[in-house]
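Enquirer: So the chains spell out like this:
There are 2 protein chains.
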Amino acid sequence: MTVGLILALGALALIVALFYSRRVNAISIDSGASSPEEIEKLTEISSAIAEGAMAFLKREYRILSLFMGLFAIIIVFTVNDERAGIPLGLWSAICFLIGAGTSVVSGYIGMKIATKGNVRTAAAARISLEKSFRIAFESGAVMGFGLTGLAVMGLILVYLGLITLHPTLDQHIIMEILSGFALGGSSVALFGRVGGGIYTKAADVGADLVGKVEAGIPEDDPRNPAVIADNVGDNVGDIAGMGADLFGSVAESTCAAMVIGAASFAMLEGEAKTSALLFPLFVSGVGIVASLISLFFINPKSEEKVESSLKNALIISTIIMLIALYPFSMSMLPAEFMLGNRMHTNMGVFITLAAGLIAGLAIGLITEYYTSHRYSPVRQVADASQTGAATNIIYGLSLGYNSSVLPMFIMAITVVIGFSFAGMYGIAMAAIGMLGTIAVGLTIDAYGPVSDNAGGIAEMANMGQDIRKRTDALDAAGNTTAAIGKGFAIGSAALTSLALTAAFLTRAELPTINMLDPIVMAGLFVGASLPYAFSAMTMRSVGKAAFSMIEEVRRQFRTIPGLLEGTAKPDYSTCVDISTKASLREMIAPGLLVILTPLLTGWLFGVHMVAGLLIGALITGVMMAISMANSGGAWDNAKKYIETGQLGGKGSDTHKAAVVGDTVGDPFKDTSGPSLNILIKLMAIISLVFVPFFVKNGGILLDMFGLGQH
Amino acid sequence: MTVGLILALGALALIVALFYSRRVNAISIDSGASSPEEIEKLTEISSAIAEGAMAFLKREYRILSLFMGLFAIIIVFTVNDERAGIPLGLWSAICFLIGAGTSVVSGYIGMKIATKGNVRTAAAARISLEKSFRIAFESGAVMGFGLTGLAVMGLILVYLGLITLHPTLDQHIIMEILSGFALGGSSVALFGRVGGGIYTKAADVGADLVGKVEAGIPEDDPRNPAVIADNVGDNVGDIAGMGADLFGSVAESTCAAMVIGAASFAMLEGEAKTSALLFPLFVSGVGIVASLISLFFINPKSEEKVESSLKNALIISTIIMLIALYPFSMSMLPAEFMLGNRMHTNMGVFITLAAGLIAGLAIGLITEYYTSHRYSPVRQVADASQTGAATNIIYGLSLGYNSSVLPMFIMAITVVIGFSFAGMYGIAMAAIGMLGTIAVGLTIDAYGPVSDNAGGIAEMANMGQDIRKRTDALDAAGNTTAAIGKGFAIGSAALTSLALTAAFLTRAELPTINMLDPIVMAGLFVGASLPYAFSAMTMRSVGKAAFSMIEEVRRQFRTIPGLLEGTAKPDYSTCVDISTKASLREMIAPGLLVILTPLLTGWLFGVHMVAGLLIGALITGVMMAISMANSGGAWDNAKKYIETGQLGGKGSDTHKAAVVGDTVGDPFKDTSGPSLNILIKLMAIISLVFVPFFVKNGGILLDMFGLGQH
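Chains V and W are the protein sequences, given in the same order. The numbering of the first sequence is this note's numbering, which starts it at 380 and goes up by one. The numbering of the second sequence is this note's numbering, which starts it at 380 and goes up by one.
Rather than coming from a laboratory, the hints here were simulated on the basis of the structure. A hint or two may mislead.
Heads up, the list lumps identical chains together, so a pair's fine if it works in one copy or across two of them.
Said to hold, decoys possible - Keeping only pairs whose Cα atoms sit at most 20 Å apart, straight-line, the calculated SDA-like set for lysine to any residue is:
#	residue 1	residue 2
1	K948	I418
2	K1075	I465
3	K923	R758
4	K923	D762
5	K680	G480
6	K1035	E593
7	K652	G383
8	K848	E683
9	K960	S444
10	K1035	V592
These figures come from a predicted structure and were not determined experimentally.
All chains should be built: construct the whole structure from the sequences, respecting the hints.
Expert: Structure follows, in structure tokens:
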């Protein structure tokens, strides 16, 4: 029954995605009121973007498959536990590859539809705002529902496969193998978020610094050689990167909950056992329905309503989830069950789910408050730009610091509620609750870059001020929802990472971790420093990659005659190539840092230090991620606020100061900040998958120095 | 014997301070080769600075005494433990007031000598670099030795007073009462570091933004109305603030060690007991001698040697300490003793001291590497300024992030060594080891702002390019040593805070803290967010205060005829007044945050959450403090590097971009960064002093909700 329901819900999501995909595809670019010349131009530009995006994906996937193959081999040979009775490493590696493959397919679908939706959104802007909005929004829905459906289907099918092949295996071993799926998804996210993040901002910063600042041409101007790379970047970073990140979160939090739950529900029988075990996955299924219902409430009648309409869908889906989850929690879970050494109830689990759901929404709305120029924080940053770039930076940074405080409090409360009502299982369920509305959340997230691209295309195709105004309105709403989405992504990454840590401790059979143990403390310290090392790397990578881009753009302006006058065409593809190569090269070092640190720590110093490491990295990582994302969002919107004509408007000294902040904010909000999600999650899922290795072979250095009962 | 030795060493430090003080005072301003007009001008300017500094101190001390009185009353009524047999709160409050008073006296002496040394350094620059250097350096020595002597004398006298009045009292209760002394010192540091930090940067940023950027007049130009306030700020922030911070660290780490050691050494008898108990204080005494010896090695023969000469003194004193501490550790401590439930040795204690000493030096040298423009990191920031302010900021921030990684690793290793060789006592001894060379460290630290002021005075008195070149050479060396000093201050603050946390846990009788306990976890999360909240506050405070300063300077330029032409004099005192008022007003909110958070947390949620809170704040606080201090130092020196004529030199676009970074760096390195030292230490010492209150009345909210065995 439960299995059938989950399969049906997963299939529903895929059908929704397919439905919207067909609708978007069915719209022809020339169905609008555009002239044939315009249609030709639109086609040309959008092909260039689509080709650039696909070129990046292809090259990324080539490196990815090499990396995945290597990592799979390592898993096969290190993750072993004789007690399991089967080759644990082999099965984990297979799940790992399936998870990675599923994530890759999700990313591919998202990119494909986004690069079709963008030009159709631009073309439809000739007809009406509503029509244009619907195309962008439906493109987003393909991504949102497609990805959620693939995650749910992937997990349930792999689970079914495992229990069919090994019907006598312990459930907790099955769940542990299943974690390989999540590791696969998360590894793809490393490439997507970090590589994609560097790509998009190298192009953006490079295009802005030469185009806007040096050459004095507007954003998205077709004369700028980096303009196509910039638009490709939106797809690479904000679609494929964001998608892979959240795919990972869904898979990881589900696996974490199921690993922890396996021990508690092992004594149940038959359908009761299955429904309790698979309840975490079922919650994601319910979320698909709740998200689908909320879509019907998205019908903005005017420009001003776009933003609130999208935001309301999130709120509505949260409310539906809250109502729907109550009966399911009560019926699918046993009334009372043991977890660790305490008794918990199904009512308790419902409360943890609700806490996660509400916390997610609250963090999203707080993020909006700090990054939208309708509220005072961003306006203060704009005001501070009047005394120059330095005060703009000072106020922007302090806004970011400030904005991370309340979300951290909310997280603390959620953790206390989760733990108090359902132990470590509660933490995982809070994460799942927070990710419950992911289908609609991701729809809205993906809507943003599609509109952004549409605006870029409209500008490049010279569609005129009226059209640009429409796409700008769509884009502005996308900016706010992107900020909400980022808050969501970080919050859920934090809870997911905590849930994975809990699952790791459960599997390593460590019921308590003494913070005063020197090895744990050292782990905390080292872990705390990782987000700093990682951010330093990613920020400099953007700087370096942007610098190559700047050189290339300058070279083209210098060597191509008539380029600035608009009589010659720039060489877009070289810029696309620079971004692609630079991003893939620059992600190697931070990638290795994330992957090797937990492995080496566990191997050399044992599981206690790993526990400290994960918590240390989680704490500083979340604080940094939130403050970077929000500083970046605030700088962006402070600039936009000034561009509405406030404080001197575009071209004033105040505006120039705000542009400096916006440029600093670019790697903050789109590279380093979001990449930290991957850092904290990937380290935790690696630790979980490699528990058998750590337990058997870990802590060799401590043993050597006789330092440890560890 | 031990008591006598400590008294003698403390007295030695005070005699050294007195000796140098007399030497500096004996030099007359007109002993140089200056003309009578110049002497008059020098006297006038230096009086204005001295008056401004004293005006600030007076106003600060007025508010301080009110605050101290109130806080003392709270201590009297809340810190009580019937088992002690005496009114614990009353005695703690008395120690608190004595500690505060001693710190105030140290700060006063430092300010007094600095405001005399600055003008004498400037005047002597007419004679020779050597002469000028000696005056600045000897002024620093008055501060370094005076403060260390007062701290040691204060602690030993209060200890003697307590055991004389209560000869039968348990040693651990005596030590707990003595912690009040450290709390007093640390509370003064709150005012000194936070208030002083806001003062100095409000004046600096305000003076720069209008003077250098808008009016185009050079730094320290006498036509700038904020120039006196700026020079007062150097004394207020870098002398009084830094001094109070380190006074607090010495007192706190000593008390932490003695609180932890009290339990272990209670079973010893007579002199053996006294020497073991007071060993931590004795180490500081040995440091006085080691520092004194190292002074004789400071004899720079040329400009280039100033910096290395100062740095060598630090290295020499570290080596002397390493050698000297071995015999004392072996003879003054029992060969074996129980700590917690493990046996430790005196050799182990020596190793922890050595670890702290070496770690301190290492962190200092790493800081130098990241902030001096002789090395590549700062030069990369300078290079990045070529593409504008945004890339300068991106590279500077990432440098700061990067620079915090290695120190954190060193701290982790120190913690492991400390814990492994002497348990919690080892952590405290590592902190004491790190602070062992404080007398010479502080000498070098205080040397910096004195030279900086001398340069400012030379500029204002129009002493000419040659003289300015000499004072600039002194100042440049001071910049590097200031960076080393900041690294030192943060590192020791971190270890001190950890030692205080260890003492707190010892007193609260919590041998283990389970990180997975939801209440501890919530504490970690909330604690982690405090440095962010605090930094946001202090950065904005600088912004706000600088803004009032800008308005005033603009007003004066507008309304005083002939000011910019140099025919009329600006109204310096209004600017001094603005900085004074703003800094004292703006420090209230962050001050309350630091003081109330541990108190409320302990009262409402109990000691487990306090433990999480302290560790959470420590981890993010240290990372932020190091990265802020180093980003700021690097921006400053990247600008200075360009000013040496590199990359276009002064006045170029690259230089303008670097000035933006320097301005952002000002509150980073001189306000928010150093203030975080206070945050982490003060919260920990408050928790330690209020342990009896928490144990008796703590956790009322948890009890209410039935959430806790806590």
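Enquirer: State for each hint whether it applies.
Expert: So, going through the hints one by one against the coordinates:
no. : hint           : verdict
1   : K948 <-> I418  : within (18 Å within a copy, 69 Å between copies)
2   : K1075 <-> I465 : within (16 Å within a copy, 55 Å between copies)
3   : K923 <-> R758  : between (31 Å within a copy, 15 Å between copies)
4   : K923 <-> D762  : between (31 Å within a copy, 12 Å between copies)
5   : K680 <-> G480  : neither (40 Å within a copy, 69 Å between copies)
6   : K1035 <-> E593 : both (12 Å within a copy, 16 Å between copies)
7   : K652 <-> G383  : within (15 Å within a copy, 75 Å between copies)
8   : K848 <-> E683  : within (13 Å within a copy, 61 Å between copies)
9   : K960 <-> S444  : within (17 Å within a copy, 63 Å between copies)
10  : K1035 <-> V592 : both (9 Å within a copy, 15 Å between copies)
Checked against the numbered hints listed earlier, the structure breaks hint 5 alone; every other hint is satisfied.
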